[in-house]
Amino acid sequence: MLIGIDVGGTHTDGVCIREGRVEAMAKVPTDHDNLLATISEVLRLILRDCKGAEIRTLNLSTTLSTNSIVTGHTEKVGMFVIPGPGINPQAYALGAQYHVLSGCVDHRGAVSAKVRPEHMKPMTARCREEGIRVYGVVGKFCTRNPEQEMAIAEALAPQADFVTQGHRVSESLNFGRRVSTVYYNAAVWRTFNTFADALEQSLKDLNIQADINIVKADGGTMPLKLAREIPVQSIFSGPAASVMGILSTAPQTEDALILDIGGTTTDMAVLLDGIPLLERDGISIGEHPTLVRALKVESIGIGGDSFISSRGGQLNVGPDRHGPCMAAGGPAPALMDAMNVLGHAAFGDRERSAKGIKEVAMAQGLSARECAEQAVHMAMSVLKRKVDAFLNAVNSRPVYTIQEILEDRTVKPKRILVIGGPAEAMVPLLEETFGLPVIAPRHAEVANAIGACLTRPTQSLVLTVDTSRGSFTVPGLGIHKPIKRTYTLDEAVHDATTMLRAELDRQGIPAEEGDIQVIQADAFNMVEGHYTIGRNIRVRCQMRPGVITTLEP
Amino acid sequence: MLTARNSLGIIFFPAFDWAISPTHPEREERLLYTQDQFREEGIFDIEGIREYRPLVATQKDILRPHFCFPNVQAVCTDSHLISAGGVIRAAQLVMEKERQRAFAVVRPPGHHAMRTVHGSRGFCNINIEAVMIEWIREHYGNLRVAVVDTDCHHGDGTQDIYWHDPDVLFISLHQDGRTLYPGTGFPSECGGPKAMGRTINVPMPPRTSDEGYLMTVERIVMPILEHFKPDLIINSAGQDNHFSDPITNMNFTAQGYARLTEMLKPDIAVLEGGYAIKGALPYVNLGISLALAGVDFSAVQEPELDREKIREQKSTMDYLSALCDQLPEVYFNPRPSDAVREGGYFVRRRSIYYDTDDITENQVERLKDCPHCPGLLIVESETADTPRCLGLHVPVQGCDMCSQEAEERFAKARQAGFAYAQLSDRVTKRYEYAK
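Line order of the protein sequences matches chains A and B.
First residue of the first sequence? That's 1 in the numbering used here, and the numbers climb one at a time after it.
First residue of the second sequence? That's 1 in the numbering used here, and the numbers climb one at a time after it.
If we strip away everything but chain A, and leave its shape as in the complex, we get:
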């Protein structure tokens, strides 16, 4: 039996799934001050309904890290950066102490200036005085050569409970993003680990011996043990859980659009050949872009509770929300009320809906029906416009080869999958607006928990080889070693996939043939003068995002 729990901003949902069937589900309000109590309550409710079964895994999508960042409940971090020449490193300053060190690694991974740990003495002393116990170390191009980062981390070890190193949080290039990723990772480390300790203890008390995984924003999971090292990867996992939930209830093989219609907003995501599209670099935390891989999800300010008003003679829908819609006892008319009036929905107290819409209609000199029609029409055109802009942005993303330009593979949704409260009521409206078939999958109300439950672990690995320098680097595993000059791309692909498989094994993640996907395999001839001096090889492979099983129809 598998358990999935999605801790959301308002509600926490849980499901347990056995042999492709949802056996139990639960929904409770989230208590952000005591997440563990919320989780225990959900567990109690779903286990009450399916006693005696052995729990194999418990997957958790939690707002813990996001919330502690958003509310500013984070720990003081001492940051040490090795920027070398380039953009002014002060642009990325974060943390209680932010120290810029000498030293430089260039784009090839060659050390062009030495880092001097002895210069750190006054800096480390200041950090000690401030009582800082967690640190972040980030070097420019550390993913090409992590030695300088490792040396600094070692120097900090005596005064640190935990040091986050840049090359361990992401294999991707982007120094500024890496600085913020490392900072947030260190800043939430203690909160996350305290929670993880308590969670493990409480499961032990309940006599549950399941593997615990944490859901990531890229639609995959990671084992709790790994999450303890890189807790920042657990941020913003909610939308990913929902998308993966849809993929397990209504698997797709073609391009599709996903809409998750909530009270205030609608989240949209796209599937390319049935696979969710990722953010190019990573998700942003407030003003700080990071390297945390995430599904590409964008919000539109239209939801079931979007406030309908008459402002200066103009009818207006959203993006504000003034509490729930009137049908649900709210104070002001909202989109859902208009849908009630038109008969698209039969939700809650329809008389209150009629009353609310009528008031706005009178101000406009319209009948209630006309007013409701206009409001719904406006909401639909906003959705359409935003979706078109989103697809347009996706389709104009840069590409780097002639073949890709000429192929011009654009995302063209063949259908829309819609979940969320008002989803079913909106199906005919969306069909009319977009001219596409619209599907509201089953269990849409707990799609997030189903997604959390069924999503598989993901992990990626990047191998960079420069045969002219004889260097072989896998930043994610902290490997930086010499290699023979005759090393080839075929060997690199073989080595990268083998290493990823071994790493997955080590973490106890089962990977079948075909689960490991090579997403980049390039070899560039390196020429100096008129002679080929070596090859620059880049291989990126990943455990594909996906679901363990799809639900029975």
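These are calculated hints, taken from the structure and not from any lab test.
In this text the structure is predicted, and so the values were computed from the model without any measurement.
Check before you lean on any hint, since a few could be wrong.
Residues of chain B clear of chain A, computed beta-carbon distances all greater than 12 Å [claimed, not checked]:
hint, residue
1, 45
2, 60
3, 262
4, 342
Here are some of the chain B residues that sit facing chain A, going by a computed Cβ distance under 7 Å [as the list claims (entries may be wrong)]:
hint, residue
5, 18
6, 20
7, 32
8, 138
9, 335
10, 336
Every residue, glycine too, gets a C-beta built ideally from N, C-alpha and C.
Given chain A, work out where chain B should sit, using these hints.
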């Protein structure tokens, strides 16, 4: 978070699947490390800097500035169409005011491609700047354009295309042609009879570094630009003046390029040459991009830079200073043209060598001495493989008489024994080959 003072669009197209040959300087690897540097510096995270995908240029776009023989397909591959399309995209961003400035970091380059094209010269087949400028003039009218070519090699292709055009000012700063390919670009080359002083060549001695280069820009280029008052400034931003470039002898740095860009304030910059792909391009491209966007570039520096080692000798500075005194005269007081006139046409007879493709072209160029416009251009050209070619170009400022004459000559071209004939009439917008 960093914010750009000027919004900037970057068209980054490394063509990772195209090379002239596996070990040629113009190969897949060329922009690999620039991409690494751009990514690691996160320049697309700077508020106001955005990355764009290139367009694909059409045959018509190519035929506006060029005569391609025997046809476009024979001299122009998909890579050239995309590189030119990238530059058109840059122009579109600026002209539609989506961005204040744009930088096309594309390959292959183009500034050695002349009006008549039989193949590749100096790694160039299609003059991507000219394709862009003519695209702009077709869609937005005849703007005054200044092209400042800061590639280390003389921009002989761009010079050729705008030789007779009084509305396009072409300034090339380059290593002295007596010491480097293509061996041209002397001050005496200063434009055709209808555009005297609209071509300015600034040959600089080998080992010129930041101080000398920037002085030259300040004292020669800036006053001329100020007087010419262009609607658009284009920078052909070759990066081979760099001290680490393997095929040139200059000592310019990434800081120097950034300061040059800051001074020049081009609306559109276009990557040209530059083959120190590891030691120069990543830093120079970064410096140019930051300077275009108006973001602090003071910490951009090559890791191996030793300023003392590359500083100019006094004799170099003295030479440059004398050049700075004399060269503005080429623009402000052009000497009378010594063009040869025969039967109402100015005539040039030339032999042009295409080093990359090993082709020799013999060419007779006739410019109609028209009282109403810069004049119809008639080019008769031949190579061993492609004999008897005729090109007819009516300029964008052209008059009805020139347009009519072009049409008559075009209609009779095959009858007159030409194997290939191309018309590019900017007035009637006819771009075609004789059947």
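Here is how each hint holds up against the structure:
no. : hint : verdict
1   : 45   : violated, 5 Å
2   : 60   : holds, 18 Å
3   : 262  : holds, 16 Å
4   : 342  : holds, 45 Å
5   : 18   : holds, 6 Å
6   : 20   : violated, 12 Å
7   : 32   : holds, 6 Å
8   : 138  : violated, 23 Å
9   : 335  : violated, 43 Å
10  : 336  : violated, 46 Å
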